[in-house]
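Protein chains: 2
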Amino acid sequence: MITSIGYAATQARAPLLPFNFERRDPGEYDVVLEALFCGVCHSDLHAVNNDWGSTRYPLVPGHEIVGKVVEVGSAVTRFKIGDHAGIGCLVDSCRECAPCHEGDEHFCECGATGTYGGFERGTRIPTYGGYSNNYVVAERFALTIPQSLDLAAAAPLLCAGITTYSPLRHWRVGPGQRVGIVGLGGLGHMGLKIAKALGAVVVLFSTSESKREDGLRLGADEVVISSDPAQMKAQGNRFDFILDTVSAEHDINAYLRLLKRDSTMCLVGLPEKPTPFNARSVVLGRKSLAGSFIGGLRETQEMLDFCAEHGIVSDIEMIDIQQINEAYARLEKADVKYRFVIDLASLKS
Amino acid sequence: MITSIGYAATQARAPLLPFNFERRDPGEYDVVLEALFCGVCHSDLHAVNNDWGSTRYPLVPGHEIVGKVVEVGSAVTRFKIGDHAGIGCLVDSCRECAPCHEGDEHFCECGATGTYGGFERGTRIPTYGGYSNNYVVAERFALTIPQSLDLAAAAPLLCAGITTYSPLRHWRVGPGQRVGIVGLGGLGHMGLKIAKALGAVVVLFSTSESKREDGLRLGADEVVISSDPAQMKAQGNRFDFILDTVSAEHDINAYLRLLKRDSTMCLVGLPEKPTPFNARSVVLGRKSLAGSFIGGLRETQEMLDFCAEHGIVSDIEMIDIQQINEAYARLEKADVKYRFVIDLASLKS
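One line per chain: the protein sequences are A and B, in this order.
According to my numbering, the residues represented by the first sequence are 1182 to 1530, in order.
According to my numbering, the residues represented by the second sequence are 1182 to 1530, in order.
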């Protein structure tokens, strides 16, 4: 086994503290990363707090990992020592079902293996996330980080990036389209940049006037304050696609009204409670309310290459691992522009 | 003006009573129908009761009209005197917007003209529906009834038929697919027959064990009792498409769970109140919750021709116009298999 050090929660809502643990020995198809940076996703906080009721402790969060390859198995072909590699939300899957064969490992019918909080496939060895100094992962589940990308700012692409890129591509967003992005947070600010790079006219919806300036700076063609009925009404039936990144409670019917006939709104946030839905919102205009969830490995690599080509990374605030609990407190108040990234060099201090 | 006799409601929840009125004189592009049969749609009852708050009285309901052409304008090309023709839910539209040009007159951006409860385009002459002895309609909004179809049983195709045919075609239901139909009423029984004729394996979902025999007789390959959690669980992730025809309150999330990855459930019913919706139901599996609303003229004709080719009509219970109030009382209790159709010859008695 490989010895590791990270930060873990030992029970729900407990502060994260230093934690020593072991990872599996690498096999012939594995690469070992020295972890350099790890993004802080809101899911990490939900997992620490056991909001979904399925957390096993101790929990080392982190699924937006960028690192340097320090060891490669004998059968590894895509990586060599010294390369920069990334790990996203999943580190394994059954590899045999239809979704796995079609590049949708995240929809693996047997259940994909989470980067943290799961078990190494076929064992009872827990998977621990990227708030740590290293990771052992099958080459198939590692991503190549293009050289032109800033390593720290690329880390959030591995979850926030693919979560927004995947639906924008799946529903074929492109030039000539008017696309809405609902919410300007970790996901929303990536969605905005990617939709713009795909050539669409992009409208940001935010509840807060204070986001207007940032929205325009990040590439929005227009910013609509969603709490203003007059502004919302003026957008009626004008959108080819809307990406809704909001996890807080909000009125989805108000956005469905903004779609053109035959158009789709896609949710990527997961509000904790059910939200009221009016059938009329989709019946009139033959509209669709869809969902999307991260992305498969092939598409995640495609997204990284797309981001390199268009010079897209996340807007980040770098922290040391010792600041993680303070960062969580700020994250709960949505007080971050727009993603915390942990400099894992701080683990050594 | 042309004199007409029909049955009208003069205020909300009032019984329908005989009513004399006038229709506009036919123009060069118009046909005049002697109305022979008219289906009784649940929307008629909603309109009579002013459930949507927009009813103008007196109201003559009826938008599933089959009749005989008794007069044609000089510019009419598709009909001659003696032909059988049908009228569905709309009798005009702006004819100039994108939806109108694309055969989606029902989504006319200026608002289509309803067969009853609206006004003749550009006038204040009310449109009165098919619970009457005649109708004056532009040729463009009249349908050809194929000779092989029983006239009375074909009437409900003009609303219930197109409402279910349109989404089944739009989402490309066909051989090799497993398709769910939720609810066995006026819409559901048509959806079941059409989905079967399109070549799909069809599963009927009903709350009531009493519908099993009828469901199988009407073409279902399987009947699932939706109130039985074990039966529902066994259907998980198995459906390529689900058509939900239920207007009563019900749990849509329970059906979204039955869809395969990347599949769609389409609603054609309009429950009065918003229903709780879990984002998780669509996020996991990249599913879609869509809606559909009747259909355009071109597609309605295509549906009639398809039904003739496959020998599909509605299962009906024929009534005289004098029984309409009793029929409404039964309709409120869903006590009809599966559509009342008024024999308009009874108007003369």
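Honestly, the hints are just simulated from the structure, not real lab data.
Every value quoted in this text rests on a predicted model; they were computed, and no experiment measured them.
Don't take every hint at face value.
Simulated pairs of lysine-lysine, BS3-like, Cα-Cα distance not exceeding 27 Å [said to hold, decoys possible]:
1. K1441/B - K1454/A
2. K1414/B - K1377/B
3. K1377/A - K1518/A
4. K1261/B - K1249/B
5. K1514/B - K1454/B
6. K1249/B - K1377/B
7. K1441/A - K1454/B
8. K1414/B - K1441/B
9. K1454/A - K1261/B
10. K1441/A - K1377/A
11. K1518/B - K1454/A
12. K1441/A - K1414/A
13. K1249/A - K1529/A
14. K1454/B - K1414/A
15. K1454/A - K1529/A
Coverage of chain B stretches by chain A, computed from C-beta distances (three or more under 8 Å per stretch; other residues unrestricted) [claimed, not checked]:
16. 1433-1443
17. 1447-1454
Partial selection, computed: residues in chain B whose CB lies under 8 Å from chain A [what the hints assert, rightly or not]:
18. R1276
19. C1281
20. H1282
21. G1284
22. D1285
23. G1292
24. G1295
25. A1429
26. F1458
27. A1460
28. F1474
29. I1500
30. Q1504
By construction, the Cβ of each residue, glycine as well, lies at the ideal position given by its N, Cα and C atoms.
* Please write out, lowest number first, the hints stated earlier that are contradicted by the structure. => When the structure is compared with the hints, numbers 6, 9, 11, 15, 18, 19, 20, 21, 23, 24, 25, 29 and 30 turn out to be violated.
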